[in-house]
Amino acid sequence: MDVDLPCRLELISDLPGHDERAWQVAWNPTKPLLASCSADKSVRTYSYRPSDHGSKSLAFSHVGTIPTGHTKTVRSIAWAPSGKTLAAGSFDSNVSVWEREDVSDSEDSGETAGDWECVTLLEGHETECKSVGYSSSGTLLASCSRDKTVWIWEVQPDADFECMGVLMEHSQDVKCVAWHPSEEILASGSYDDTIKLYIDDPSEDWYCFSTLSGHKSTVWSLSWSPQGSYLASSSDDLTIRIWKRVEEHKWKSVLELRGHERSIYSISWGVGKGASENLGWLATTGGDGKINVWEITAHKLFQETQHTKDPLSAKLLARVSGAHNVNDINSVSWCPRLNHSDLLATAGDDGLVKVWRVVPS
Amino acid sequence: MNGEIFNANPTVYASKRSARKSKFEAGQSLWIDEQYQPELSSESEVEPIDEDEIFGGFQAFLTPKLIQITHIVTDLIRFIADPEHPNSLEELRVVSAEQIKIGDNHIMVEFTPTVPHCGMSTLIGLSIRVRLMRSLPQRFKVDIRVKPGSHQSELAVNKQLNDKERVAAALENAALLETLEKCLEPVGGPNSL
Numbered sequence: 001m002d003v004d005l006p007c008r009l010e011l012i013s014d015l016p017g018h019d020e021r022a023w024q025v026a027w028n029p030t031k032p033l034l035a036s037c038s039a040d041k042s043v044r045t046y047s048y049r050p051s052d053h054g055s056k057s058l059a060f061s062h063v064g065t066i067p068t069g070h071t072k073t074v075r076s077i078a079w080a081p082s083g084k085t086l087a088a089g090s091f092d093s094n095v096s097v098w099e100r101e102d103v104s105d106s107e108d109s110g111e112t113a114g115d116w117e118c119v120t121l122l123e124g125h126e127t128e129c130k131s132v133g134y135s136s137s138g139t140l141l142a143s144c145s146r147d148k149t150v151w152i153w154e155v156q157p158d159a160d161f162e163c164m165g166v167l168m169e170h171s172q173d174v175k176c177v178a179w180h181p182s183e184e185i186l187a188s189g190s191y192d193d194t195i196k197l198y199i200d201d202p203s204e205d206w207y208c209f210s211t212l213s214g215h216k217s218t219v220w221s222l223s224w225s226p227q228g229s230y231l232a233s234s235s236d237d238l239t240i241r242i243w244k245r246v247e248e249h250k251w252k253s254v255l256e257l258r259g260h261e262r263s264i265y266s267i268s269w270g271v272g273k274g275a276s277e278n279l280g281w282l283a284t285t286g287g288d289g290k291i292n293v294w295e296i297t298a299h300k301l302f303q304e305t306q307h308t309k310d311p312l313s314a315k316l317l318a319r320v321s322g323a324h325n326v327n328d329i330n331s332v333s334w335c336p337r338l339n340h341s342d343l344l345a346t347a348g349d350d351g352l353v354k355v356w357r358v359v360p361s
Numbered sequence: 001m002n003g004e005i006f007n008a009n010p011t012v013y014a015s016k017r018s019a020r021k022s023k024f025e026a027g028q029s030l031w032i033d034e035q036y037q038p039e040l041s042s043e044s045e046v047e048p049i050d051e052d053e054i055f056g057g058f059q060a061f062l063t064p065k066l067i068q069i070t071h072i073v074t075d076l077i078r079f080i081a082d083p084e085h086p087n088s089l090e091e092l093r094v095v096s097a098e099q100i101k102i103g104d105n106h107i108m109v110e111f112t113p114t115v116p117h118c119g120m121s122t123l124i125g126l127s128i129r130v131r132l133m134r135s136l137p138q139r140f141k142v143d144i145r146v147k148p149g150s151h152q153s154e155l156a157v158n159k160q161l162n163d164k165e166r167v168a169a170a171l172e173n174a175a176l177l178e179t180l181e182k183c184l185e186p187v188g189g190p191n192s193l
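So the protein sequences, as listed, match chains U and C. Throughout the first sequence, residue numbering follows the UniProt record's numbering, covering 1 to 361 in sequence. Throughout the second sequence, residue numbering follows the UniProt record's numbering, covering 1 to 193 in sequence.
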């Protein structure tokens with residue numbers, strides 16, 4: 001723990017249960033529910049509520065395990081914006097979509113409804129699916145694979161899905177997909193070191209309108225800024241890049257951050273807490289077992305008297321080393337729910353899911 | 001894999017036996033045995049990672065403990081079978097103690113394909129990675145690469161071998177795993193004599 005930083009990460013829950021490496025964590029956007037997926041082929045869900053000991057602290061508890069039925073690692077999970085549907089992408093190349101059998105619409109807790117049921121199995125990828133994600137409206141689902149493709153599915157009533165496009169732009173494995181927080185813009189990162197951006201042409205199909213080059217190795221993870229004007233990427237080249245939207249369909253690299261010694265597997269951009277003039281908090285993690293939290297601030301360019309290269313600056317807010325002991329950390333994610341924007345979850349090679357809170361040092 | 005032999009007549013070298021009698025020669029476990037384990041896995045001995053030591057000159061500060069780990073790593077990988085020859089990686093000089101670099105909690109294994117177009121390089125690298133992954137305590141981060149200049153697709157091979165997601169997926173592929181297990185059966189060691 002670096003004591004000279006303004007904040008620290010306080011461990012508030014340590015959730016065991018996966019028998020093998022945990023690959024990803026995903027917060028339900030509407031309910032107090034957290035999900036994780038693993039090489040053990042299961043998805044686990046955890047609920048949280050204010051603890052009896054104090055108003056600020058939260059108690060997490062395991063509420064269910066979905067065996068999924070996937071024959072290989074469940075690599076990625078994503079909640080629909082409604083919080084009622086969960087998609088899971090597996091190394092068996094399929095994507096499964098899960099809903100609760102008994103949707104009683106109880107908003108109080110995650111543990112009152114019935115069992116999770118697989119409502120659809122999306123088959124299409126030829127090899128391992130590596131990432132899945134819902135668009136902000138919840139009407140589109142994207143998946144990507146080692147087969148170099150990105151698939152866009154339209155979510156239709158009664159758990160029906162229609163493939164709207166198969167994008168074959170990358171020359172290697174596609175590692176991650178991420179939807180813009182408000183517009184129908186999709187980003188994908190790849191083993192070919194590039195990031196591609198796609199939109200729907202109303203008269204034609206989905207197409208790639210921009211390729212962001214600059215990383216010198218695999219792009220492992222992508223996260224849009226909460227307002228959508230920036231895109232952050234993390235890479236095996238040990239850098240984090242921030243790309244700024246300079247025109248409607250043009251993004252430009254404006255900041256490069258360093259702070260990890262091994263591959264940076266995951267990045268998450270949350271709204272943060274405190275000063276509203278900043279652009280939120282960026283959390284990064286990876287093979288070095290560190291979690292870094294950066295505060296991102298935009299400079300008002302017209303106020304600059306000197307020529308400034310970077311319109312953005314990043315200040316390291318908090319850091320934990322060995323956050324999962326000696327193990328790699330594969331995923332980091334900010335809680336998207338109101339009043340919980342200082343909560344962070346991580347998943348590691350030790351099979352653990354951990355929840356952290358950013359607190360002043 | 002498709003029956004093509006990438007190097008039909010490799011040079012076979014006599015296995016270099018160190019004066020120290022290895023656990024393999026003593027006919028003991030293929031894996032690190034109980035006698036070795038406590039020294040390697042004891043949490044109390046985990047030393048803070050000194051970044052300069054790891055990312056700078058690996059061998060500049062070789063303590064007796066690091067030398068011992070080098071020996072252990074060498075013993076773990078020397079008898080791995082070549083995928084297309086009845087020889088061990090050591091006999092073909094694909095691996096050698098000189099190509100193993102140890103830092104605190106970090107191991108870099110370099111290997112030399114017998115021919116620059118060797119299509120088996122990723123399988124050899126994967127077998128080295130799996131052997132070390134299964135045998136060493138988790139705190140060791142392992143990097144594997146072909147010797148610079150020894151392979152025409154050096155960067156591609158290195159990238160694949162160090163991509164944990166590709167490695168994880170490869171190990172869920174039954175056919176590949178079977179081939180891999182064959183490579184991990186000792187060759188030229190006590191069991192094949």
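Be aware that a few hints might be false.
Restraint ranges, calculated between C-beta atoms of paired labels, are given here [stated by the list, open to error]:
(1) U/V166 / C/A8: 38 to 46 Å
(2) U/A59 / C/A97: 47 to 55 Å
(3) C/A97 / U/D19: 31 to 39 Å
(4) U/T211 / C/F6: 33 to 41 Å
(5) C/L177 / U/C118: 48 to 56 Å
(6) U/C118 / C/E178: 27 to 35 Å
(7) C/K65 / U/K250: 49 to 57 Å
(8) U/S203 / C/F6: 44 to 52 Å
Below, computed lysine to any residue pairings styled on SDA-like, alpha-carbon distance capped at 25 Å [said to hold, decoys possible]:
(9) C/K141 / U/K250
(10) C/K141 / U/Y207
(11) U/K72 / C/S96
(12) U/K290 / C/D104
(13) U/K72 / C/I107
(14) U/K290 / C/I107
(15) U/K250 / U/R319
These are calculated hints, taken from the structure and not from any lab test. Just so we're clear, the structure is a prediction, and the values are computed from it rather than from any experiment. For each residue, glycine too, the CB sits at the ideal point set by N, CA and C.
Cross-check of the supplied hints:
1. U/V166 / C/A8: 38 to 46 Å: holds (42 Å)
2. U/A59 / C/A97: 47 to 55 Å: holds (53 Å)
3. C/A97 / U/D19: 31 to 39 Å: holds (36 Å)
4. U/T211 / C/F6: 33 to 41 Å: holds (35 Å)
5. C/L177 / U/C118: 48 to 56 Å: About 27 Å separates the Cβ atoms of C/L177 and U/C118, which means 48 to 56 Å is violated.
6. U/C118 / C/E178: 27 to 35 Å: holds (30 Å)
7. C/K65 / U/K250: 49 to 57 Å: holds (54 Å)
8. U/S203 / C/F6: 44 to 52 Å: holds (51 Å)
9. C/K141 / U/K250: Violated, because 39 Å separates the two Cα atoms, which is more than 25 Å.
10. C/K141 / U/Y207: violated (40 Å)
11. U/K72 / C/S96: Not OK: U/K72 and C/S96 at ~35 Å, beyond 25 Å, violated.
12. U/K290 / C/D104: holds (17 Å)
13. U/K72 / C/I107: violated (29 Å)
14. U/K290 / C/I107: holds (19 Å)
15. U/K250 / U/R319: violated (33 Å)
Of the numbered hints given earlier, the model fails hints 5, 9, 10, 11, 13, 15; all others are met.
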